[in-house]
Amino acid sequence: MAVTDLTACEIRNAIQERRLSAAEAAEGCLAAMARLDPKIKAFLSTDPDGARRHAAAIDRRLAAGENVGLLAGVPVAVKDNMCTADGQPTTCASRILGGWRAPYDAHVVERLTAEGAVIVGKTNLDEFAMGSSTENSAYGATRNPWDLQRVPGGSSGGSAAAVAARMVPIAVGSDTGGSIRQPAALCGVVGMKPTYGRVSRYGLVAFASSLDQIGPFGRTVADAALVLQATAGHDGRDSTSVDEPVPDYLAGLEEPVRPLRIGMPREFFGTGLDAEVEKVVREALAVYERLGATLIPIELPHSTDYAIATYYIVATSEASSNLARYDGVHYGYRSADHADMIDMYMRSRAQGFGDEVKRRIMLGTYALSSGYYDAYYKKALAVRRLIRRDFEQAFRKVDCIMGPTSPTPAFRLGERTADPLAMYLSDVYTVSCNLAAIAGISVPCGFTAAGLPVGLQIITDVFTEDRLLRIARMYERETDWARRAPRIAEEPA
Amino acid sequence: MALSSKEVLKVGTLSRIRLTPEEVEKFSSQLSGILDYVDKLRELDTQGVEPLAHALPIHNVLRPDEPRPGLTPEQALAGAPQADGDFFRVPRVLDEGASA
Chain G
1 MAVTDLTACE IRNAIQERRL SAAEAAEGCL AAMARLDPKI KAFLSTDPDG ARRHAAAIDR
61 RLAAGENVGL LAGVPVAVKD NMCTADGQPT TCASRILGGW RAPYDAHVVE RLTAEGAVIV
121 GKTNLDEFAM GSSTENSAYG ATRNPWDLQR VPGGSSGGSA AAVAARMVPI AVGSDTGGSI
181 RQPAALCGVV GMKPTYGRVS RYGLVAFASS LDQIGPFGRT VADAALVLQA TAGHDGRDST
241 SVDEPVPDYL AGLEEPVRPL RIGMPREFFG TGLDAEVEKV VREALAVYER LGATLIPIEL
301 PHSTDYAIAT YYIVATSEAS SNLARYDGVH YGYRSADHAD MIDMYMRSRA QGFGDEVKRR
361 IMLGTYALSS GYYDAYYKKA LAVRRLIRRD FEQAFRKVDC IMGPTSPTPA FRLGERTADP
421 LAMYLSDVYT VSCNLAAIAG ISVPCGFTAA GLPVGLQIIT DVFTEDRLLR IARMYERETD
481 WARRAPRIAE EPA
Chain P
1 MALSSKEVLK VGTLSRIRLT PEEVEKFSSQ LSGILDYVDK LRELDTQGVE PLAHALPIHN
61 VLRPDEPRPG LTPEQALAGA PQADGDFFRV PRVLDEGASA
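Respectively, the protein sequence lines represent chains G and P. Residues in the first sequence are numbered from 1 upward in steps of one, following the numbering used here. Residues in the second sequence are numbered from 1 upward in steps of one, following the numbering used here.
For the record, the hints were derived by calculation from the structure and aren't laboratory data. One or more hints might be untrue.
[Said to hold, decoys possible] Calculated lysine-lysine pairs in the BS3-like style (CA-CA distance at most 27 Å, straight line): (1) Lys40/P with Lys6/P; (2) Lys397/G with Lys279/G; (3) Lys10/P with Lys40/P; (4) Lys6/P with Lys378/G; (5) Lys279/G with Lys26/P; (6) Lys279/G with Lys10/P; (7) Lys26/P with Lys40/P; (8) Lys26/P with Lys10/P; (9) Lys26/P with Lys6/P.
[Claimed, not checked] Derived DEER-like restraints, expressed as beta-carbon distance ranges: (10) Ala422/G with Pro51/P: 21 to 31 Å; (11) Asp49/G with Arg89/P: 27 to 37 Å; (12) Arg63/P with Arg396/G: 51 to 61 Å; (13) Gln47/P with Pro38/G: 53 to 63 Å; (14) Pro38/G with Leu62/P: 26 to 36 Å.
Computed from a prediction, not measured in an experiment: that's the story for all the values here. Glycine is no exception: its CB is placed at the ideal position from the N, C-alpha and C atoms.
From just these sequences and the hints, can you work out the full model?
In structure tokens, the structure reads:
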């Protein structure tokens, strides 16, 4: 069996038991990347030399009898909005940070490395994590491994595609409005957004500070749990990092949650949902019923259209503040000609930012500006409380909430780029989780007739990732979607 | 909510993003469309509902005011578009003719 067909857990176990070397695992992934990435374009940069060096060091330490960590020798890809000080750039898929070298590692990068993972490259994203298709990257779009004419989703499309194509077993991404869960669904892999504050954002380039969270991609629930285990926990360098104990996510993973009350929001099954996606998701819910779970209709009145409207005010307002630092002064792109300081800001930002980033900065600036602040920003924050209340009320009646992750399967490249609002509606089922700070996971639950993946979204309340993973595992155990690989991953060199 | 070209230019200036006339037109129509959509929040009665800026009850996380290592000057200047010794070189800020 090729190394690239193994899960992260399998690779880790094989390496710890000396049946496989970290060097072999790294070589297997690097070879897959060389073979497949010219077609998929998941990576913005790769570090084969660094990966080989780290893998060799892990093999030496293992030979000396050392414990090298939870992710011993497992190759991992990192979304390019997380700082890596290893020599690879951190660009956020923007020209304004083209070639920029971070002077420190993100907390998550430190944790992955400390647990023995081998970082093989930085993955593509929508510029500054703003998008739902990875088409907003300044460096070109990533392709969906299941159909190269289609998007992998976004903004963490590169990470999702790298895992789906079996170039790496695991990856990390970030999720502000659905940017892990939606690409996971479109690429047929597991993707999870932890509770806000569960994973430190230190070294994650900020988009919307009250919404951003880092999370794992894997082909299996256990792999996602493994990455979460390695990265979760308090970090004093992120003042929004919560000092909540980290359970052992793997220990109880096989234990089903019983009894299990599943809330099915009316709003997640309404207009706009593709008929095939609905059918596949309902079949997944039927599996839960056969396992003894109860499906309970619920209402989340503010969770879809109102949540999108709230999100595109709150997230853009926060972004307008966070992206003010890109001014050509201390780092990043500076325009060549400018009349004075202000002109330097205006030209550097005009030349360095793509259209979607400009749109969102302007929207946020407008929503926060004098005369509009109350009508837009304050109003949106009040609705955010209503969204939070919807979930609080629901979780009194149910243990989890389920529905489709994305209203449609992967759409074609170029299909939604002319209409920003059509693109925004890709996140209609995911944004409410970020606004309410709760955890969500997308697990593969089938395919459309055309062979495109469909994702089931499972949502639980804050700091219940252990239950969320167990609930997801209940379904995964009854099915074998994870075994299916896209044809491109199976093609010989 | 339709944004006029004048308003788009104003927002561009506040955002410190220089816009071409074509961009003003394009963004004016796109932003107006998005603002129309977000206007649906007006349908909701939020009388007496406190704004929620942070969904988790995290407040004023502080640490003792003790110096800790940070970036060295070399690290801080490493990405500078223009450096001059220990300084970041920028266009002059104070000038009789400078814009506000």
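Tell me, which hint numbers fail for this structure? Of the numbered hints, 5, 6, 12 and 14 do not hold.
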